[in-house]
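**Q** These protein sequence lines are chains A and B, in that order.
Residue 535 in our numbering is what sits at position 535 of the first sequence, and the numbering runs on without skipping anything.
Residue 42 in our numbering is what sits at position 42 of the second sequence, and the numbering runs on without skipping anything.
Worth double-checking, as some hints may not be accurate.
[Stated by the list, open to error] Covered stretches of chain B (in silico footprint by chain A; criterion: 3 or more residues with CB under 8 Å from a CB of chain A, positions within the stretch not fixed):
id, region
1, 64 to 75
2, 84 to 91
3, 207 to 214
4, 296 to 306
[Claimed, not checked] Capping the alpha-carbon separation at 27 Å, the derived lysine-lysine pairs in BS3-like fashion look like this:
id, chain 1, residue 1, chain 2, residue 2
5, B, Lys158, B, Lys296
6, B, Lys161, B, Lys195
7, B, Lys278, A, Lys338
8, A, Lys338, B, Lys296
9, B, Lys278, A, Lys352
10, B, Lys283, A, Lys338
11, A, Lys559, A, Lys107
None of these hints come from the bench; they were simulated from the model.
C-beta: ideal position from N, C-alpha, C; glycine also.
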Amino acid sequence: MPSDAPHPPPAQARAPSRALDPRVPLLVLVAAAMVLLVVWPVAQVVYRSLLVDGGLGLDHYRRAIVHPGNLRALTNTVWVGVASAAGAMIAGAVLAFLVMRTDIPGKGWLRTLLIMPYAVPPFFGAIAWAQLLGPQGYLMRPLIALLGLEQAPFSIYSAWGIVFVMAIHAFPLVFLTVSGALERMDASLEEAARTSGAGSLRVMRDVTMPLVLPALLAGGLLAFIHSIANFGIPALLGIRVRFYVLTTSIYASLNIPDFPLATAKSMLLVAVGAAALAVQWRLQRGQQRYTVIAGKSIHPQVIRLGPLRRVAFALAVLFAAVIAVLPLFSLLLTSLLKYYGAPLAVASLTLKHYAYVANQGVIRRALANSALLGVSAATITMVLGTFVAYARIRAKLRGAAALDTLGMLPYAVPHTVIAIAMILAWARPPVALYGTIWIILLAYIVAYMPLSLRTTSATLQQVHESLEEAARVSGAGPLRAMRDIIIPLVRPGMVAGWILVFMPAFRELTMSILLFGLRTETIGVIIFNMQSSGYTQIAAALSVLVCVLILGSNLIVRKATRGQVGF
Amino acid sequence: MRRFAVIAVALLVVCLGTTMVPPAGAQPASGTVVLYTSVPQEMATEFAGAFMRKHPQIKLEVLRSGSTEIEMRIFAEIETGGIRADLLWLADAPIFITLRDKGLLLAYRSPEARHVPAPFRDPGNHFIAGRLINMIIAVNTTLIPVRAAPKSWSDFPKFGKTAAMPNPLYSGSVFVTVATFVQKYGWAWFERARKENIQVLRGNTEVARALAAREFGVGMTLDFMVYGMIQDGAPLAIIWPEEGAVSVPSPVAIIKSSKNPEAARRFVDYAISVEGQKFLASKGVVPVREDVDPPKGQPRASEIKTLPIPFEWAAKNAADIRTRFEQIMMR
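This is chain A alone, in the form it adopts within the complex (with noise of 0.2 Å):
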């Protein structure tokens, strides 16, 4: 229905002008939250990337680029992203076809274990894989008997075995993103073509991958930044081959100390996200016009494998065994080894790490502290997405999609950066939150926000505005429409979205490390600092416990809402 299409008389009676809308006002306050949570905190590190010696100028951007360098690091760190994306999107758009769409079994633990790599922090992934395909490898040694070779094929300490890695940690971003999509696809458009005639093949093609032509973009998207941002990956597995990206060569910055430098250079991976955050929108401009949830309720139709149904479930579990089984399998090894790199008999195992894990006061109060903010940033940044996403794309209010561009923005600013960011934003009487477990809060919210802004737009895209202007029409306010038609339908997204944001907060490692204070430790500060003075073992034993607990707490969450809510 076109928008200027008269409204009938209750619609009319209400809302005769747009100033009382009352969406509005929300979103100014909405605005005036993003405003301090995000600007004033990046405002910080821009205004320090251009300090020069008391005045401002542009000197240390010109540092940060005219180094050779720093600008192989740039285009490193573009290639790699765009490399791991590429992966991550193909291997995702097939599995979420595979598990939404078709009949093979075993579904539901499919999909857990292909979240997973999700759950693992970055730099323990790595050093998993590490252990599996380094050169003295459990994988790579009897790889090498079995080929008969001298030496390794191929070096998992490698630009190719960070996109590996990588690939695999963004992975889940873009299933989730993807298959939430399928989830919510109206069948009854592949009904229709169906019925004209089309065959499966052409059906997915005309049909069904233009509709989540969206979905896969925006998980596209969301891997790309996460690759190009992500700094544990490839500072194992690059620095000692002397390959870098921004994130580790801004690191080097901070260290140095040679802090304006550190700033302009993440200022380039800002530059770098916010252009493909622009890619994104070109291509996918004019794709709103499909209707993706309309007002008719249909579950997509399972297409049957037929014989093919057993090597699709063969090809899945065999993808899901390498990305969530192996690794995690490896972690589950390190954690009751005596000694790391022990070898592998029956005589070096112990869980004396899990006794010794069991037993520390500091880490049960790291685990409720990394619960609490978990919980707290995933339901905050959903609600401040929710309504973003909602004045952008429904109410097209004015201004919403600058907002949703500011909010984007810090998921390309290095987790250490934003930390540095807060705390020079927040330590300073009258709002001195640092010290605090609501400075880690607020970097959490300001770090994750883009996760919540794609996934409610990309719910948001798929649902017709017909349902919504049917309540209106029915005579139900903009904010009783919301509520009754609008929330309703997007809740399996926003799910999704909840979950997304919630598993890297719960073991978010980079920016706590910063910012906890005293009692406020997360699980991921333990696991660090467990790892960093040498207790490899004791950190993987944490590793497999926050694994532990984030899918028995999905299983009880799936449990009890009869497979409603969960991954």
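Once you have looked at the hints, place chain B on chain A.
**A** Relative to chain A, chain B alone:
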């Protein structure tokens, strides 16, 4: 150095804008003190417990993090109203010189200090080593038997691709080592290491791990990490280089703005006391006192041949040293 200019400006602003509370005079040793430390979590927690049993009226709160992360934290705190800790105990001695020269440390001559050799304390008593961490050569004996291992730092680069060293851009103790090497051998040592393809890993822990996992035969790393792994059964050995190890004193200092300096002084006393040092030795740390026995199989501080560490020079040229290292080793 630009960062310090920024910090100096910020400090000025802070001083003008807020009234700094002057440190209170002599108070009874009680109440709460906060310690920022890079001593490993487990060790730090137990050490704090032992201290509080000795001084039940003092509550010691410990914030444990990596040296590098604590430094970032300290500089951010200085910019935003002052260091929030009463005590620091880190691995990176040059930062203490930087803080001392900015007038941020409180001088204190502990009665126990006379048992600690002079090289391990600041002449002006602004800080004193609470433990020694030694940069040594470690080998994986299943790959390289001890007799074939490098005996000296000059031998080390010969081992080329099978040798690993940690990165001074990521670790304080490595930074001190690099500065010491530059004074002793000039940058030529690093140019040679680069030519021979020595691999630079991230930190000491990573080198120790990679050695135990047989990814490298020899490595430059810290003694107590390797010692701990050997205790667990790893096939590693510690080699004390002929020219001398780099014995990095890990200093303890009191922050000038501490609101409870008396309790902080009690902690410094305890850290270098016989009791405190015995506790650390039981965790594999070489004690700073001669009258405390070192961990089994480890040498006494006086028996360790050490290279002279150019602390003042390292503190003044920190950014240049790290930048030069990056230019040679990481391109």
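**Q** Determine which of the earlier numbered hints do not hold for this structure and return their numbers in increasing order.
**A** Violated hints: 2, 4 and 5; rest satisfied.
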